[in-house]
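Put chain B on the given structure of chain A with help from the hints.
Protein chains in written order, with the working numbering: chain A, 1 to 297; chain B, 1 to 270.
A portion of the hints provided could be inaccurate.
[Claimed, not checked] What the simulated footprint calls covered on chain B by chain A, stretch by stretch (three residues with Cβ under 8 Å from a Cβ of chain A suffice, anywhere in the stretch; the number is not a length):
hint : stretch
1    : 29-37
2    : 57-65
3    : 184-198
4    : 248-258
[What the hints assert, rightly or not] Quick list of the computed label-pair ranges, beta carbon to beta carbon:
hint : chain 1 : residue 1 : chain 2 : residue 2 : range
5    : A       : 216       : B       : 8         : 17 to 25 Å
6    : B       : 8         : A       : 108       : 18 to 26 Å
7    : A       : 117       : B       : 15        : 16 to 24 Å
[To be verified] Reference excerpt, derived from the structure (chain B facing chain A, CB under 7 Å, subset only):
hint : residue
8    : 18
9    : 124
10   : 165
11   : 166
12   : 241
13   : 243
14   : 244
Simulated from the structure, these hints should not be mistaken for lab results. Where is the CB? At the ideal position from N, CA and C, for every residue including glycine.
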Amino acid sequence: MNTDSKRRERSALSTILSLLPGTTWLCLFMLAPLLVIVLISFCTRGDYGQVEHVFTFENYKRVAGYGTFGFDSVYPIILLRSIWLGACTVLLTAIAALPLAFVISKLPGKFRLLGLIIVVIPFWSNLLVRTFAWQMLLAPDSTLSRFAQWLHLVPSGTGLYPGSLAIYLCMVCDYLPFMILPVYASVEKLDWSLAEAAMDLGARGWPLFRHALLPQIRPGLLAGSALVFLPATGQFLIPDLLGGAKTVMLGNLLQQQFGQSRDWPFGSAIATLALLLLGAFLVLVRIVQGNRKVECE
Amino acid sequence: MNNRSSLFTRAAALLLVLFLYAPLIIVIKNSFNEAPFGLEWKGFTLKWYVKLWNDDLARSALKNSALLAIVSTTVSTILGTLLALGWSRASARWSKWISGLLYIPVCVPDIVMGVSLLLFYSMVRQWLGIFQLGLLTMILAHVTFQLPFVALVVRARLTGTDPAIVEAAEDLGANPWQRFLYVTFPLAVPGIAAGALLAFTLSLDDFVVSFFTSGPGSTTLPILIYSSIKRGLSPEINALSTLLIAASVIGTVFMALLEGEKLVKNSTPV
Numbered sequence: 001m002n003t004d005s006k007r008r009e010r011s012a013l014s015t016i017l018s019l020l021p022g023t024t025w026l027c028l029f030m031l032a033p034l035l036v037i038v039l040i041s042f043c044t045r046g047d048y049g050q051v052e053h054v055f056t057f058e059n060y061k062r063v064a065g066y067g068t069f070g071f072d073s074v075y076p077i078i079l080l081r082s083i084w085l086g087a088c089t090v091l092l093t094a095i096a097a098l099p100l101a102f103v104i105s106k107l108p109g110k111f112r113l114l115g116l117i118i119v120v121i122p123f124w125s126n127l128l129v130r131t132f133a134w135q136m137l138l139a140p141d142s143t144l145s146r147f148a149q150w151l152h153l154v155p156s157g158t159g160l161y162p163g164s165l166a167i168y169l170c171m172v173c174d175y176l177p178f179m180i181l182p183v184y185a186s187v188e189k190l191d192w193s194l195a196e197a198a199m200d201l202g203a204r205g206w207p208l209f210r211h212a213l214l215p216q217i218r219p220g221l222l223a224g225s226a227l228v229f230l231p232a233t234g235q236f237l238i239p240d241l242l243g244g245a246k247t248v249m250l251g252n253l254l255q256q257q258f259g260q261s262r263d264w265p266f267g268s269a270i271a272t273l274a275l276l277l278l279g280a281f282l283v284l285v286r287i288v289q290g291n292r293k294v295e296c297e
Numbered sequence: 001m002n003n004r005s006s007l008f009t010r011a012a013a014l015l016l017v018l019f020l021y022a023p024l025i026i027v028i029k030n031s032f033n034e035a036p037f038g039l040e041w042k043g044f045t046l047k048w049y050v051k052l053w054n055d056d057l058a059r060s061a062l063k064n065s066a067l068l069a070i071v072s073t074t075v076s077t078i079l080g081t082l083l084a085l086g087w088s089r090a091s092a093r094w095s096k097w098i099s100g101l102l103y104i105p106v107c108v109p110d111i112v113m114g115v116s117l118l119l120f121y122s123m124v125r126q127w128l129g130i131f132q133l134g135l136l137t138m139i140l141a142h143v144t145f146q147l148p149f150v151a152l153v154v155r156a157r158l159t160g161t162d163p164a165i166v167e168a169a170e171d172l173g174a175n176p177w178q179r180f181l182y183v184t185f186p187l188a189v190p191g192i193a194a195g196a197l198l199a200f201t202l203s204l205d206d207f208v209v210s211f212f213t214s215g216p217g218s219t220t221l222p223i224l225i226y227s228s229i230k231r232g233l234s235p236e237i238n239a240l241s242t243l244l245i246a247a248s249v250i251g252t253v254f255m256a257l258l259e260g261e262k263l264v265k266n267s268t269p270v
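With the rest of the complex left out, here is chain A (with noise of 0.2 Å):
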């Protein structure tokens, strides 16, 4: 008994021991960092971009719209811009993983993880390399541009990029394998059955998709909705290099601030407003996922 009991502490004490290493880096270098962030935000910026600590509201008016000299929309156009663009993302990828998932489902058993991995390569290949060579795929000469100025979509001559249809492509291309994960994970438990009733009693095309597979797939495309809107609103490298100078995202608002412009106070005003924003979202997912839990049970 009483060595039982010895053992079980020595034992609590070397979970202890193990897991105090790594929790505390994490809050010594994510935690801290975070928190200096929020508590920067409410400092006011010096005259040589120096940080003050004189509190205000300033930098959180100022991203509102209410600057020095009145009412300017341009930073909550910046963050309603960067909320449109995760959003359309996840729309773009989650209708471009469906047909992939059904037929990576499709496969034969030894094929679909096959299927799986070539869909997921290039996901790991370097964001930054693939963004650039979305530079060269829709520069003036490439064939899609070559097939845009054909069609008289574009003056001949110009290139697709920059602009905004280069960024949306290369966002689907760079998030698609995010969102097709686990929407494969919901595609592959799908239950056909379903499917085949829906369709005896004369249901076919979007209807049977809808009421038969949809509610089934939902909480893929849910969990797949998180993984490319996080880092999809985020996102500040590839609106800085596909974009032009009306596609400034929260990101490049970010960079910029902590880069030429120097305003700290105001960039963390921005940063803690993202976190605010992603925490916001994670919520509602979370609100959403458990709404479907009650319902089915």
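Only chain B this time, still in chain A's reference frame:
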């Protein structure tokens, strides 16, 4: 399902795979293209690779990238494995807290992580005079985003092993240390190796966090690529990019081979 929609779905899937691979194909193709600029094929050449090999900037970036990836992977693999060991034995309530802590770096966008570390380093520097931006600050940053991934992969391995094996060792009189050294650890090795490979490729490919935590003289390969793209292209970038693609793809395929068994189990309905 009827065949027509299936054919349509298949065509769509094929197009999508092409779409996913188009960027990789064009970079690899151009790295062997005689023409320095433009997309037209002017014949096969290896001269960009040779040029790259003789480029001092690229060499020092490669050295920095390798050093950064090796050191950060070593540290994060040790810390992550320890964390996973403790995590797999923690009570349900603690386990929830730990997973919450681990998911923060996974969920926070890399740019927010980058700028928060930049600020944090500068504040600590004001107080203590340490954390001059350079390789050290980059290593600390990389370990932070690698650690959760290592812990998650290793823990998946640990919870996947049969507890009866450890119990059998206990029944045979092995003390806790022996049980760890001869049973738990060897069983976890494939998971640890997979976690380390994942951490290595994450470090090698990272641009955003590195960009904000690097200092003069600590340029890594992705930062070099970024500045070349911004400055106007040099044709060697295709060759460098191809090498980077190859490194991460090889790393990932090895990881899939190590933990592929589990992937197969998860993806085939039993």
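For each hint, the structure was consulted:
1. 29-37: violated (count 1)
2. 57-65: It is violated, with 0 qualifying residues against the three required.
3. 184-198: Check failed, 0 qualifying residues.
4. 248-258: That given contact holds, which follows from 6 residues of the stretch 248-258 of chain B lying within Cβ reach (below 8 Å) of chain A.
5. A:216 / B:8: 17 to 25 Å: Given about 21 Å between the Cβ atoms, the range holds.
6. B:8 / A:108: 18 to 26 Å: The hint (18 to 26 Å, Cβ to Cβ) holds, given that residue 8 (chain B) and residue 108 (chain A) are roughly 21 Å apart.
7. A:117 / B:15: 16 to 24 Å: holds (19 Å)
8. 18: Given a least distance of 11 Å, the restraint on residue 18 (chain B) is violated.
9. 124: violated (9 Å)
10. 165: violated (17 Å)
11. 166: violated (12 Å)
12. 241: holds (4 Å)
13. 243: violated (10 Å)
14. 244: holds (5 Å)
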